[in-house]
Amino acid sequence: MLLNLAWKNIWRNKKRSLIIITAITLGLWAGLFSVAVMIGSWDTTVNSTIDRNLSHIQIHTKEFKDESLTSHFIPGGNKLAEDIRNYENVKDVTARVLIEGMASSPSSSRGVNIIGVDPSREKNVTTIADYITEGEYFNGIKRNPILVGEKLADKLGLKLRSKMVLSFQSIDTTLTYAAFRIVGIYKTESSIFDESNVFVRKSDLYNSMNSDFIVNEIAIRLNSSEDLDSTQAILKENYSPLVVESWKDLAPELEMMYQYLIVEMQIFLAIIMAALLFGITNTMLMSVLDRVREFGVLLAVGMKRGRVFSLIMIETIILSLVGGIIGMIFGTFTIWYFSDKGIDLSLFSEGLSSWGMPTILYPILPLYFYGVLTSMIVITGILAAIWPSIKTIKLRPADAIRTYG
Amino acid sequence: MSLIELKKVTKIYDDTAVEVKALNDVDIKIEKEEFTAIVGPSGSGKTTMLNIIGGLDKPTSGNIVINDTDISTFKTDKMIDFRLHNIGFVFQAYNLIPVFTAKENVEFIMLLQGIEKDERERNAIELLNAVNLADRINSRPSELSGGQQQRVAVARALASKPSFVLADEPTANLDSVTANNLLDIMEKLNKENKMTFIFSTHDARVIKRAHRVVTLRDGAIESDKITENATANAT
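In order, the protein sequences belong to chains A and B. In terms of this note's numbering, the first sequence is numbered consecutively and its last residue is 407. In terms of this note's numbering, the second sequence is numbered consecutively and its last residue is 248.
If you are wondering where the hints come from, they were derived from the structure by calculation, not from laboratory data. A couple of the hints might just be wrong.
As the list claims (entries may be wrong) - Calculated lysine-lysine pairs in the BS3-like style (CA-CA distance at most 30 Å, straight line):
(1) A:K393 / B:K201
(2) B:K91 / A:K10
(3) A:K153 / A:K67
(4) B:K21 / B:K130
(5) B:K91 / A:K393
(6) B:K88 / A:K396
(7) A:K393 / B:K88
(8) B:K34 / A:K396
(9) B:K221 / B:K174
(10) A:K306 / A:K93
(11) B:K45 / B:K174
(12) B:K91 / B:K45
(13) A:K250 / A:K238
(14) B:K130 / A:K306
(15) B:K20 / A:K396
(16) B:K201 / A:K396
(17) B:K45 / A:K306
(18) B:K71 / B:K20
(19) B:K207 / A:K306
(20) B:K21 / A:K396
(21) B:K71 / A:K306
(22) A:K306 / B:K221
(23) A:K250 / A:K16
(24) A:K306 / A:K396
(25) B:K207 / A:K396
(26) B:K45 / A:K396
(27) A:K306 / A:K10
(28) B:K88 / A:K306
(29) A:K393 / B:K71
(30) A:K306 / B:K20
(31) A:K10 / B:K221
(32) B:K201 / B:K174
(33) A:K10 / B:K42
(34) A:K250 / B:K20
(35) A:K189 / A:K250
(36) B:K34 / A:K393
(37) B:K21 / B:K207
Kindly produce the complete structure, drawing on both the sequences and the hints.
As structure tokens, then:
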């Protein structure tokens, strides 16, 4: 009956209750959607970074980490890549040659990272093939094909099938020049990446450098990112003293961005909850003040203060939960809709690409977050009810009964 | 042993600029089955006396003994519990819970006492029958007239099976016919159910029916008279 009374009391002043329920609904909806957008933007950025070139785990020599010289290669690197390919949880592995060099066109030259890859393996580990906007992925040009970023091609004034000269230091420190022809132009979310990385076949580099089949980097793609930590730990143990790093180690800025995001989310939610707290407290105070005489009567006829306290608590929690549930339904629907369609931010593509962020954003919200937000709403409701409840149980029935209202 | 005994009860209100002595050294005993009216002009202390008997207010000094229990020193929650099981209240403005039906209003007191649902419902219907409201048990206060609401309030006051009922100006908002109907019911409950009623009133209709009239003036008992109704009632 206490629950029944609380429910009926809420609807005594329909307009007031509906206003506060709407406020809670909007607050929670905005909170859920904003958090989903924040997490979604981070998740999309991380995934695109992993997909683009980073992969889940990379292996290098310690010397290469200290100084990125081609001569600091992984001994037996290709064989090692074959071994790792057989690990459980590993989808595929690519062994790369990394050289810092110069890309020149007749009009200009730029410093670039030359990435020598096995095209078929690379396709299984990264999605660079999917970013091709012109030409094809190592197809159509037989001799020394090269993939370049759109921005680099623009800066060098080159087009598809144009010739580009790469100059770099060989393992024996001699300066090597090799001519390549643009087989494909790619455009990723990151303009910085597009400007500074070119992809060539590893075999072409070996020929140009007249070197053995050296490998500077082994990039590993896992079946699921959930296996990241365990696989990294196994590889670390098995291939010491090589440096085995996950994407979190390789791109600490993403991890930092996540920590920043968490703080930002907490502040954002705290502001929403604080606004709701004041709103609910105000509503409940008005509701209590409207019923001073009634509470006086309840106390007079024998309703214990604890029960009166509970009554106001229940009313507030119901009010918060009704608004919370409706807000959650709206929020879930909105997130579900945009997680499928995506939010098109192409209007801001230039700014976003300099941060390496994709222009289509897919909001996501982990399931546990719904539980967290529901608890936060209930806690906010309880906190909001404390003051009005205390005010009520402090009433002196003899005075309260004589109040007119 | 008297049902209620006030021993040298003084009540001073000192929460305003001017100290007010509402009750001054009052001694009074009220016996079981009485139908007593406490009367007096405004400010004479009759509401204060009723509040103190009902445990809604505490005396500045003196003792209140009800059913041989001194309630003057009871802490708040103990006092609330004591009221729940021993005292029925009827207020001038009815003060029913507006969102509840007549039956639910009566049931609510029994719910607070922890009585099972079936018994609550049965008792509530019986009590509403007793106040001639059998056909309005599912009506909300807003759907009832003033007299009907006050009758629900009487049924609610009796729901806890109290030792006595305190009625503060119960007829003040009612017309003559309705007030007489209400008083008929209360008299009947007094006579047949042996229920003690104590009224704070200056309504002549109540005073006329009272078996005992206690007159207060300036916080002290000016007179305490047994009326001929008491004799008639006894016979």
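Structure-inconsistent hints, enumerated in ascending order: 1, 4, 10, 16, 22, 23, 25, 26, 31, 33 and 34
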